[in-house]
Structure formats: structure tokens, C-alpha cells
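Reading the sequence shown from the start, the letters are residues 1 to 556 in full-length UniProt numbering.
No lab work stands behind these hints, which were simulated from the structure alone.
Pairs of lysine-lysine residues, derived as DSBU-like cross-links and limited to a Cα-Cα distance of at most 35 Å, are as follows: (1) 473 with 543; (2) 545 with 199; (3) 515 with 199.
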Amino acid sequence: WLSHQPKMVGGCKRFDFSLAAGASSDVWMRSFHARGPPVHRVVLITGRRFSQHTHSHHPFDETPRRDTTARLVAHVRAGDSESGLLLFRRMHRDAAPLDAYSLTPALTACSALPPVGGFPVGRQLHALGVKTGSLSGRVARTALLDMYAKCGPGGERPDDAALVFDEMESADRDAVAWNALLSCLVRHGRAAEAVAKFKSMTTLDGGIEATGFTLATLLKACGSLEARRQGEQVHASLVVAGARDSVVLATALVVFYSDCGLIDRAVRVFDDMGCGKDAAAYGALIDGCVRNGRHGEGFAMLREMQTNASALTTALSACSETWNLQYGKQIHGVAIRRGVMIRSSTVLCNALLDMYAKCGALGSARWVFDRMDEKTVVSWTSMIDAYGRHGRGAEAVRLFGEMEGGGGAAPNAATLLSVLSACGHAGLVEEGRQCWASMEERHGVHPGPEHYACFVDLLGRAGQMEEAWDVWKAGMNGCGSGGLCAAMLNACAACMDVERGVVVAERLLEVEADKPGMYVLVSNFYAKVGMWEKVGELRRVMKHKGLSKQGGSSCL
Numbered sequence: 001w002l003s004h005q006p007k008m009v010g011g012c013k014r015f016d017f018s019l020a021a022g023a024s025s026d027v028w029m030r031s032f033h034a035r036g037p038p039v040h041r042v043v044l045i046t047g048r049r050f051s052q053h054t055h056s057h058h059p060f061d062e063t064p065r066r067d068t069t070a071r072l073v074a075h076v077r078a079g080d081s082e083s084g085l086l087l088f089r090r091m092h093r094d095a096a097p098l099d100a101y102s103l104t105p106a107l108t109a110c111s112a113l114p115p116v117g118g119f120p121v122g123r124q125l126h127a128l129g130v131k132t133g134s135l136s137g138r139v140a141r142t143a144l145l146d147m148y149a150k151c152g153p154g155g156e157r158p159d160d161a162a163l164v165f166d167e168m169e170s171a172d173r174d175a176v177a178w179n180a181l182l183s184c185l186v187r188h189g190r191a192a193e194a195v196a197k198f199k200s201m202t203t204l205d206g207g208i209e210a211t212g213f214t215l216a217t218l219l220k221a222c223g224s225l226e227a228r229r230q231g232e233q234v235h236a237s238l239v240v241a242g243a244r245d246s247v248v249l250a251t252a253l254v255v256f257y258s259d260c261g262l263i264d265r266a267v268r269v270f271d272d273m274g275c276g277k278d279a280a281a282y283g284a285l286i287d288g289c290v291r292n293g294r295h296g297e298g299f300a301m302l303r304e305m306q307t308n309a310s311a312l313t314t315a316l317s318a319c320s321e322t323w324n325l326q327y328g329k330q331i332h333g334v335a336i337r338r339g340v341m342i343r344s345s346t347v348l349c350n351a352l353l354d355m356y357a358k359c360g361a362l363g364s365a366r367w368v369f370d371r372m373d374e375k376t377v378v379s380w381t382s383m384i385d386a387y388g389r390h391g392r393g394a395e396a397v398r399l400f401g402e403m404e405g406g407g408g409a410a411p412n413a414a415t416l417l418s419v420l421s422a423c424g425h426a427g428l429v430e431e432g433r434q435c436w437a438s439m440e441e442r443h444g445v446h447p448g449p450e451h452y453a454c455f456v457d458l459l460g461r462a463g464q465m466e467e468a469w470d471v472w473k474a475g476m477n478g479c480g481s482g483g484l485c486a487a488m489l490n491a492c493a494a495c496m497d498v499e500r501g502v503v504v505a506e507r508l509l510e511v512e513a514d515k516p517g518m519y520v521l522v523s524n525f526y527a528k529v530g531m532w533e534k535v536g537e538l539r540r541v542m543k544h545k546g547l548s549k550q551g552g553s554s555c556l
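Start from the sequences and build out the full structure, keeping to the hints where you can.
Rendered as C-alpha cells:
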């Protein structure tokens, strides 16, 4: 499976994770330095690097010719993607020459934005690059790949990213491009495909040396698949390479063994670390202990380390995943005893709120929410979602009204989705309609497939089939998805709307042709309306395609 270990090992020896950023930062750094910028550009970028915005503007204004591209790169490097894109828009409006050096940081800025906001702009930049011929070259194509890997209405766009990758010249597919694609596939839950791509990476085009980032991503994929043998082969390669001193790779091994249920191996890797253990390493082991039911060891580890907000957040996230309220309360107590300023740490407060909400302690979640020094959009969304999930839709809508009335944070796509979901589960049709109408008009949020699906589900539950049908057609024209079709089909089944249901069923099988769950859903609809010939036909198709849905199980 790892017949090209020498190349992997070679990559590990030269890889320094402490200096590594993500694939996207790699992209624009290469593009910037390739130009050999004059001194004023370096001063400008250095000012931005340390977030000294005032100092970075002065050298820019004093240069004989305003180098707008350098300023664009500076904005992106400082993490100010919005300002960078506004500057790019001004460049385009002023008919400034467009090349790969200006397009690349603009694409990187899209990658750093929230997916729903970055994708429409990134797609326009893609079209602009094709029109002007500015996408020729390794760096620009890799930036485009990274944009699709991180953006999209529902998160990443792995199929679009793979298409861009396939269209790249073989010589342009370097380690950065491969890493962007592999990490996208793993984030999207397509771990098996990521492993297959890794095999291609080490065999095609003369073979590409795997970097530390590559191997960390591969270990994550193996953990998701619980592919113990393959992950152990990666571990063996790292031992041969002497990569024990890489804290990030060692942490990735801890996560891998924890995902495979081999917590003793994870502890051994942690104990054998030749490098200084940081908060991420401790957090990975604590998370693994909690998820594998070794709560006592996880709690002891938490006491052993120097407690900080990051470690506590990791431990609380593990409690949220396992619905472990008792252990979550103990972590809350540790934070208080250690003097951690909970109220002033927004990230820690959000983790506490999420833990209490997912464990069913809504009163405690609201207690944390009310005492936060700063409530971000994540805080508001988490609390609204908590009310909705527990059937308290009216309170979710009321809290959303407080947010709109001056909560200090603007609702985003996730917030509005939580409100729609809460309205749907509580039967609040009119409130759901108001939320839907306000999305673009008031909040400037373009509805994605998940919003359409949620609103169709709300209307279907209320028996509003005419309106649901109109919304479904509008959604399929813009950003149709299997989830939207499934919601409409469920509505048709509930209201026994056979004519529309048949249309939706056929469309669903076109959109999700290889998902057995969708075939079962359509088959159940046909059975409910008495179309048994269609049921038999679908079963034959599933058998021919080798599709089968694994049955669920429960313990009573």
C-alpha cells in the first residue's frame, strides 16, 4: 500500500510544521515572492504582517506609483479578506491590468471567507480569470483549486475542486495542489477517495514527495475509515524517518489511534513524543480518552497539563460529541478553580454553551449565554439552535428577534437555517415565512440548498403544498440538491400528492443516482401511494448497481 515510502520519508525530513501554514497561504506566498518585490512592497507587507495597519498605509502612499497588487497581498496576509476583495473590485472597476499576481490573492481571500460568502465571489473570479487568461500558471490554478476546496453553499466543493485539479497540467500538480485536494476530500467525509488520491500522488507524474501536511491528512483519512493497517504503515514510515520530533505529526498519530479505538496506542505515542507536548497534543489525547469512555484518564490528563482555554475547549467539544454532561460539568469546575476567565473567552463560552445544549441542560446553556462578555454570531446561533432542537421554537424565534434588535452580531446563513429549522419543528409557519422573506432583503444572505430544503420541509409539515412546490422549483433552478428533493418528496408523501411526488422522485434519482438511501426513500414513497411496479423496478436497479442500504439497529 505504501510502496513509495522513500519519497514520503524524504518529504518528512525536510518538513517543519512549525513554519507551515495551510495550502492557501502557501499559494499566495509563492506568487508574491516570485515577483521580486521592491523595498516599499516589503515594508508594506511587513506592516500588515504585524497588523500595524497605519504603518502599512504610509509607505504605500509615499511610493512614486501605488502598487495596488502589493496592497492587495498585504490585506490578505493580514487576514483582512473583505478589504482585499474591495480593493480588487476597485482595480477591476478602474480597468487595471489583471494578471495571475492580482487574481491569486483575491482567490485566496475568498478561501478565507465563510463558505456561503466566499463561493459566489470566487466563482466570478474564476470566470474573470478564464475570460482574461489570468489563470495560466501553477500558482493561480492552485489558488483556484484551494478556493473550491474551501468554499461552497454547503461547505466545500470537492467535485469542483477535483475538476480544477484534473484540468491542471501534470507539471503544475505539486505538493501544495495535492494537499489542497486531499484535505478537501477528508473534510468532506470522502476519506476513501482521499486515500486513493494519495496512491495516485505517489505513483503518477513521476511521483510527488509527501510532506508532513500530506501525511497528517492521510492519517486523518485512515482514522475516519478506521483503516488500522494503513495508518500503522504511515506510523512505521515516520519512525524510520525520525519524525518523532514533529509535534503535529505525533498529534495526528494520537488522533488516528483514538479514532480506531486504540487508546492505549495513542497514550504510548503521546508518552514517546520526543518533542515538547503542546496544548494541541494534550487536547487530542483528552478528546480521545473521552470519546473512548476513558473519562478518568482524560480528566487526570486535564489536571496534569497547564490548563488554558484551548485545552478546555477541546475537552468540552469531546463532551458535546458524547453527550457527557457529568464530565462536562467537571471541566467547567476545573476552569473555575484554575482561575480561567471564562466570561472573557468567547471561544470557551461557546464550547460550554454547546456542551450544555447538546446534553439537554438548556437552563445551564442559557446561563452561560447571558453572562458572556461578548456574544458572537456563533453564540447567538448556538443558543437559537439549542432551543430549536429541543422543540422550543417560540423561544428560538424570540431570541432571534433580540439578535436582530441589537445583539451586536449580524445573523449569517447558519443562524437563519437554525431559525427555519426551529420554526419547522414547532409548526411556526408564519414566523418561518417572515424569516425566509428577510434573508436577502434584510440580512443579505442568499439562500442555499439547505435553506430551501428546510423551508420546504416547514411548508410540507403544515400542508402548504402549493407554496412548497413553488419554493422547490425556485430552489432547483438555483442550487438544487438531493436534500431539497428529499424534503419535497417527504412533503408529497405526507400530503399524498402523487402527481408532484412522481416528478420529484424522478428528479431525486437524477441528482443522487448513486446513493442507496435516496432509492429507499423513493421506493417508500411509491409503496405508500400504491405504485408497486415502481417499487419492484427500483429494487432491480439497486441490485444491478450493487447498491444496498445498511439497516439501522437499536437497543431496547
